[in-house]
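Novice: Here is what each chain is made of, one letter per residue.
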Amino acid sequence: MKGSLVMTMDDSCSLPVQSVTEDILLDQARSGHEQAFAQLVAMHSEKIIALAWRLVGQREIAEEIAQEAFLRLYRSLPGFRGESRIGTWLYRTVSRLAIDHLRREKLRRKFFFSRSENSEQPDPLDLVADDRASPQEQLLAREAGRRMQQVLEKLPARQKTVFVLRHMEGMPIREIAATLELKEGTVKAHLHRAVTQFRKEFGETAEANYETE
Amino acid sequence: MKPNKPCNKELLTLYHYDELAGAEAQNLELHLQHCSACQNDLKEIRKVLAAVPTPHLQLSQAQRRSFAERVSSQAQQRSKSRAGIWAGGLAAAAMVAAILLLRPVDLTVPNAPGQPAMADFEMLEQLELLQDLDLLKDLELLQEMEQWG
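Sequences listed follow chains D and A, in order.
If you want our numbering, it's the 1-based position in the first sequence plus 264.
If you want our numbering, it's the 1-based position in the second sequence plus 31.
Only chain D is shown next, with the shape it has when bound in the complex (with noise of 0.2 Å):
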């Protein structure tokens, strides 16, 4: 086992540092050392539950499919050599999950003519507003954020996966080929298919503020 390296978990670690931590904190996980996949959890939860939540849209959902993700993680631990970086194996991981919700959720949906079961509580979108807009801002920027997740709704879960993940992530398209195992081809036939959907639902309500811009 290399040098002992656990950190407190308030400790804030900057990118080009983070590799070497990294490396060092999954050599101590892969030991046994249960502190140090801890801080790898630490390290690498707000990204990842980010994206689990912009995938499927509930925050209770979002934390158990990036539980779920680092949970597999620490089950791979003794095989994970380390060809690519915790966070890609991780974004992988939380893609495919989250694709396999959002399957499972149209499915039940399809089958029980039901609402999903959060769909009573607090849009999670609603976070897109920012506190220090006016209250006319947060108005619009709250209403953009609920159409928003009502044209993702519309999307089928990879073309979903793919714009997110190109727009709001900002992966490349090459990375996301690889995230989800598709040609590259295919994935910017997604996420054309997924722009047109939003120039369709958009397309007036981007008029309009250009409009009063």
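Don't take each hint at face value.
[To be verified] With a straight-line cut-off of 27 Å between C-alpha atoms, the simulated DSSO-like cross-links for lysine-lysine are:
(1) K447/D to K40/A
(2) K418/D to K78/A
(3) K464/D to K74/A
(4) K40/A to K78/A
(5) K464/D to K40/A
[As the list claims (entries may be wrong)] From the derived model, a few chain A residues whose C-beta atoms are all more than 12 Å from chain D:
(6) A128
(7) L131
(8) D169
Since the hints were made in silico from the structure, they are not lab data.
Note that the Cβ used here is the ideal one computed from N, Cα and C, for glycine as well.
Position chain A against the provided structure of chain D, taking the given hints into account.
Specialist: The following block gives chain A in isolation, referenced to the frame of chain D:
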């Protein structure tokens, strides 16, 4: 995309996301100079996508820590339960093996359905003996009748 080539809407989306390679991007730019329909489309794509918000989620240190602790303890629990399952499975397998090894050896071949067992054959022999005794009795009776005339 050359100026005289048909418009390709997918390329506009990819151009917006800066996903076109050098030559492809140059061709599209050339096409855009002459195609007002594509110019308008690109303008609309930019406008619409700029209006699509990106929700941001920020976790406090306490939230991160609590999540990490939850995951970590869950991982240990699963690992323990998996070890328990393995231990249980191994113990059960050992017990079965011990029973098989310590059991007295019985070399009788199990019977296929419909085939008589050894006990059935023994019973059959006894029945035949009984029938023979009955015959003997009948013979004795005949002899007695002959004597009586």
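Novice: Checking each numbered hint in turn, tell me which of them this model violates, lowest number first.
Specialist: none
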